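Q: The chain contents come next:
Number of protein chains: 2
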Amino acid sequence: MAFTRNPANGANEFYGEFLINAQGEDVVAGVRTPEPVLKLKDQMPKTYAELLKVRQILEKHFKDVQDVEFTIQEGKLFMLQTRNGKRTAAAALKFSIDMVKEKLINWQTAILRNPADQLEQLLAPIFDPAEIKKAKVIATGLPAGPGAATGKVYFNADRAVQAAGRNEKVLLVRVETSPEDLRGMIAAEGILTARGGVSSHAALVARQMGKVCVCGASSVHIDYEAKTATIAGQVFKEGDHLSIDGTSGTVYAGQIKTAPSEIISGLLNGDKTAQSTEKFRSYAQLMKWCAKVTKLQVRTNADTPEQTANAIAFGATGIGLTRTEHMFFEGDRIDAMREMILADSLEARQTALGKLLPYQRADFHGIFKALKGFPATIRFLDPPLHEFLPHSSEQQTDLSRKLGISVEKIMGRVHELHEFNPMLGFRGCRLGIRYPEITAMQARAIFEAAADANKQGYKAKPEIMIPLVGFKKELDLQVAIVHDVAKAVMAERNTKVAYSVGTMIEIPRGALTADEIAETAEFFSFGTNDLTQTCLGMSRDDSGSFLPPYQEAEIVTKNPFASIDQTGVGQLMKIAVAKGRSKNPGIKLGICGEHGGDPDSVKFCHRLGLTYVSCSPYRVPVARLAAAQAAVTDLKAARK
Amino acid sequence: MAFTRNPANGANEFYGEFLINAQGEDVVAGVRTPEPVLKLKDQMPKTYAELLKVRQILEKHFKDVQDVEFTIQEGKLFMLQTRNGKRTAAAALKFSIDMVKEKLINWQTAILRNPADQLEQLLAPIFDPAEIKKAKVIATGLPAGPGAATGKVYFNADRAVQAAGRNEKVLLVRVETSPEDLRGMIAAEGILTARGGVSSHAALVARQMGKVCVCGASSVHIDYEAKTATIAGQVFKEGDHLSIDGTSGTVYAGQIKTAPSEIISGLLNGDKTAQSTEKFRSYAQLMKWCAKVTKLQVRTNADTPEQTANAIAFGATGIGLTRTEHMFFEGDRIDAMREMILADSLEARQTALGKLLPYQRADFHGIFKALKGFPATIRFLDPPLHEFLPHSSEQQTDLSRKLGISVEKIMGRVHELHEFNPMLGFRGCRLGIRYPEITAMQARAIFEAAADANKQGYKAKPEIMIPLVGFKKELDLQVAIVHDVAKAVMAERNTKVAYSVGTMIEIPRGALTADEIAETAEFFSFGTNDLTQTCLGMSRDDSGSFLPPYQEAEIVTKNPFASIDQTGVGQLMKIAVAKGRSKNPGIKLGICGEHGGDPDSVKFCHRLGLTYVSCSPYRVPVARLAAAQAAVTDLKAARK
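Taken in order, these protein sequences are the chains called A and B. Taking numbering that gives the first Met the number 0, I'd label the letters of the first sequence as residues 0 to 639. Taking numbering that gives the first Met the number 0, I'd label the letters of the second sequence as residues 0 to 639.
Just so you know, these hints were derived from the structure itself, not from any lab. Predicted model only: the values in this text are computed from it and were never measured. Backbone N, C-alpha and C define an ideal beta-carbon position, used for all residues, glycine too. Treat the hints with caution; some may be incorrect.
Said to hold, decoys possible - DEER-style ranges, computed between Cβ atoms:
| # | chain 1 | residue 1 | chain 2 | residue 2 | range |
| --- | --- | --- | --- | --- | --- |
| 1 | A | Val174 | B | Gln349 | 52 to 58 Å |
| 2 | B | Gln254 | A | Val174 | 25 to 31 Å |
| 3 | A | Pro548 | B | Gly269 | 47 to 53 Å |
| 4 | B | Leu402 | A | Thr139 | 31 to 37 Å |
| 5 | A | Asp270 | B | Ser344 | 52 to 58 Å |
| 6 | B | Leu402 | A | Gln254 | 42 to 48 Å |
| 7 | B | Ser344 | A | Val174 | 23 to 29 Å |
| 8 | A | Gly269 | B | Glu407 | 54 to 60 Å |
| 9 | B | Leu402 | A | Gln349 | 52 to 58 Å |
| 10 | B | Gln349 | A | Lys85 | 43 to 49 Å |
| 11 | A | Ala361 | B | Glu415 | 39 to 45 Å |
| 12 | B | Gln254 | A | Gln349 | 44 to 50 Å |
Full structure from sequences and hints, please.
A: This is how it looks when you write it as structure tokens:
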């Protein structure tokens, strides 16, 4: 049995094995240990030469790497079977580049030869291959953020941050994560959770930050009080080592050596040595080809200048989603945010908002600078307010002391904001409708930052996005505030800012009334995460209890939070596109949400005729490849 | 100013008031106290006679009761204005019946003259008019269950039940209610909650049971520990009296006398005196007319034989929704249910289900008997399992003792079943997919009960409804179990049961893929409560924080949980009707959920061409009237 080239690393060498006095089954069954096919050269030189000839004939004919079975009977070579060979991402890349050089295929075909869903393998840090063989698998979860990470475990964000401050390599291990864990996630090499799916908070943030993540490893039993995790009978205390492989979802005991991908070092760190590697150059060539053919633009979901810069290095042409709320968790600003939420009156709320304004303005300014003239879709405050309040009595006491507000009042407000189904609750534009002053502050921060950036020559292009719109009037009311503030700031600064206002289509009613909404909206961005949750009546965070049996019973073929449910959610998107264009033919259409980085979803968006997809920075290459593949497929279909 | 008939009670008498030496504004402004119009007879007999003549001319011309303004200058009568007069439900009924007798209008027009949304006023118990004038309003909330109730307040279901056992009239006062409060709600005259909208659990159950209910009275501050409610500065202890008017949403301090409506006494209790009253006879006449013209059938949502019998007395032609889970809360059966949820293995689960089977069978048997041959749509287990487990440590300890299961294990299971958004979680058919044995038990209970009822000559017609279907395959898998069990039971009992299996369309994906689903489903029932929650991305229980500002800003004109959002949710219904019929032209279509009792929604369902609407028993007359009005409107439009 053999491959016409090396399916692991892509080398143009005959690669395989054989057994003397045996059948193919014996090789597969592993009863006897076969010998490398190269040895045949010595043992049967004539037949080996014949094999090499066949190898060339096959590749010429099929124009792809073949996986063949052969037998040699009394010196005569028989070819039993041939088929396209399975390959790693690294091999696929090298095959495709080499075959273009060899004129076996053209560059368009080379694009199709790289499986988009494997591309992340090329970007992910890897475990040292020798070490991993010796390591012991103690648990498995969902592969949520590809790559390899090793470090000391910590069960709480604060202690993870402290440990990272002591230059420890840290793994944050949590039952599940929430926005309060963000600092800990930033500080960690990787994240391991016992609960949550591939679209849980942990997974989402991990992918956005390019962090390694294994989530939903249910056999990991965490005791926060005792500060231990029990895995496969073994107790891990804080400071003990674990290693996780986010490409496979595997958890190992102990420490395993890792290394970053050359593509990452070359693109993001400008590492010249990395840039000179074949892997880097091949990747760069592939992306150059993609850019030649693609129709669908790829933007990024980014909340910081650093994420933005990374995404642009990966080839993103703007931001499709900035979640302004992530900014509220950093440092002191969370206190101002809490003060705002606890405020009793418009005046008190505005005082607190006044404290948030400079932070937001600085954030946006940083993003506009990092964007170098690319547009930024900025979403207004979206999550339910209770997510920002402290829930433990210790934290509440702390906050009470800081703000001079009684603990009872804080508890009362937490209680008041508690919701049975927060996903369907007081969030999105409902916040801005009830508290228009929040909308006004965020708009002011954007326009002031844009004015500053323009003055420095950066050409800010804010696209303001109102979340969770289901009724045209919601958008009308919010848009009016944005225009008012824009006018005021432009007058104050005596400048012009080019901006547009649009909405997320993320609840079914928004899609179904897209014609009405498009009368006001200058763009739609499909929030397919929430659209999936509402269209399917399925909570992303709770679906772990029934999605696995659903996949087993083939009720769903793919996790609908990872790949767009084209039959259901896709139908709503089609309705929204058609209705939106019926009233506003030039409306700009995009998609944010994690689906923007899923190859099948990207191809679906291409067929829908969207302007762009937006995904987390480390998914940008995947989306670019998938978008290019969709365009090549179109070209090939048109030629037929 | 005068009415051509009495707008309060409908009496055919000239009714109004006048002021000498004054203008109309003086009457309206209330600066001077006007005199009854009858006195004009003595003061200006000639003009009075002229007025009576005008009264007749106007009613003949407009064929409706008029609200007029007039002035008399130097003996000469001037008519200043006339318009159709506003009226109470009682007056509307009497006007319409009288005017048919007087041949001013035909019976079809009489149907239109009774505002369907006011009809419940006729059915509601009322406060003694003299006493109410003296009573003090101390709070207001949402009018959630019409009628008047007075009683001693209790803040917990157990104590409410005990007090009712001591023959006390009880008002259950809660921050909000949950299924665990059900016994207390049954025991109470009325329910007052501090939180929740007109579609909250409290309101829903209250209307289904015909209980008086004021909900969301946010100025009622309840302290469960102290067992007090503070309202307008006044502290009410358990046992103190409150009175609530669920028609207006008003809360009064103290006790106020009430009386049941004659229509209720006549229909439900067969009270002969009540049946001989004009109010009762007029109502009966109106309903007879309705029956002559209506196209849309009216069914009821009922979980007990008593509710079923009431609904049939109100004119329902079957059950559109039996929620099987309500049955699991009564008496000992909750323990068996909990045992099932806590079971570790299929065997243990089946043992517990075996205990539930006889209860369920008896429940269904009672319902089939009460239905007298009308069909019953029975929905399989729907709510998330954690709703059945005890959440306080006291109750958990109790259960641990009863079932011999450790408290840790109970706590663990509660934790495991906890969900972030239970509405979008592990519920509906997802339960039956993961635990097919639950589906099998429920199917067995239905078919065994039907076989028993048939033997006794009752002709059971179960229509089994699978909840929360979004994928055809979900339905296929559940339907297969139902058919298997049906076959088995019919063989065991050597009998036939006429049954059908269908689904609720309650999530957008179900509506969007209705063509696929209709290949399996024999009927659709629109679960518009959940369809509204998912289509609008709006939690019914949490919408209290933003719906009021939404109504103020005219983003929504009506509460979408009370009246179907025809633009959004209605669009999904239209899609589902068209797609469902495309694959299954004869598919039976209905609606359950509280919208089935809302006049506008009923009319919308008529226009959609549904077979039936289903609503709570006390809403059946409203739905019948609305359905008849829709049919009359159609006839009139056709004639034009």
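Q: Now tell me, hint by hint, if it's right for this structure.
A: Against the structure, the hints come out as follows:
1. The hinted range of 52 to 58 Å is not satisfied by A:Val174 and B:Gln349, whose Cβ atoms lie roughly 31 Å apart.
2. Taken as a hint, the range 25 to 31 Å is violated for the pair B:Gln254 and A:Val174, whose Cβ atoms sit roughly 52 Å apart.
3. Distance hint check for A:Pro548 and B:Gly269: the Cβ-Cβ separation is about 52 Å, which falls inside the suggested range of 47 to 53 Å.
4. Between B:Leu402 and A:Thr139 the CB atoms are about 33 Å apart, so this pair conforms to the stated range of 31 to 37 Å.
5. Take A:Asp270 and B:Ser344: their Cβ atoms lie about 56 Å apart, and the range 52 to 58 Å holds.
6. In this structure the supplied range 42 to 48 Å holds for B:Leu402 paired with A:Gln254, their Cβ-Cβ distance being about 45 Å.
7. Against the hinted window of 23 to 29 Å, the Cβ-Cβ separation of B:Ser344 and A:Val174 comes to about 25 Å, which satisfies the hint.
8. The beta-carbon spacing between A:Gly269 and B:Glu407, approximately 55 Å, falls within the hinted interval of 54 to 60 Å.
9. Distance hint check: the CB atoms of B:Leu402 and A:Gln349 are about 55 Å apart, consistent with the given range 52 to 58 Å.
10. Under the hint 43 to 49 Å, the C-beta atoms of B:Gln349 and A:Lys85, about 44 Å apart, fit the expected range.
11. The beta-carbon spacing between A:Ala361 and B:Glu415, approximately 43 Å, falls within the hinted interval of 39 to 45 Å.
12. At about 47 Å, the CB distance of B:Gln254 to A:Gln349 agrees with the hint of 44 to 50 Å.
Of the numbered hints listed earlier, those contradicted by the structure are 1, 2.
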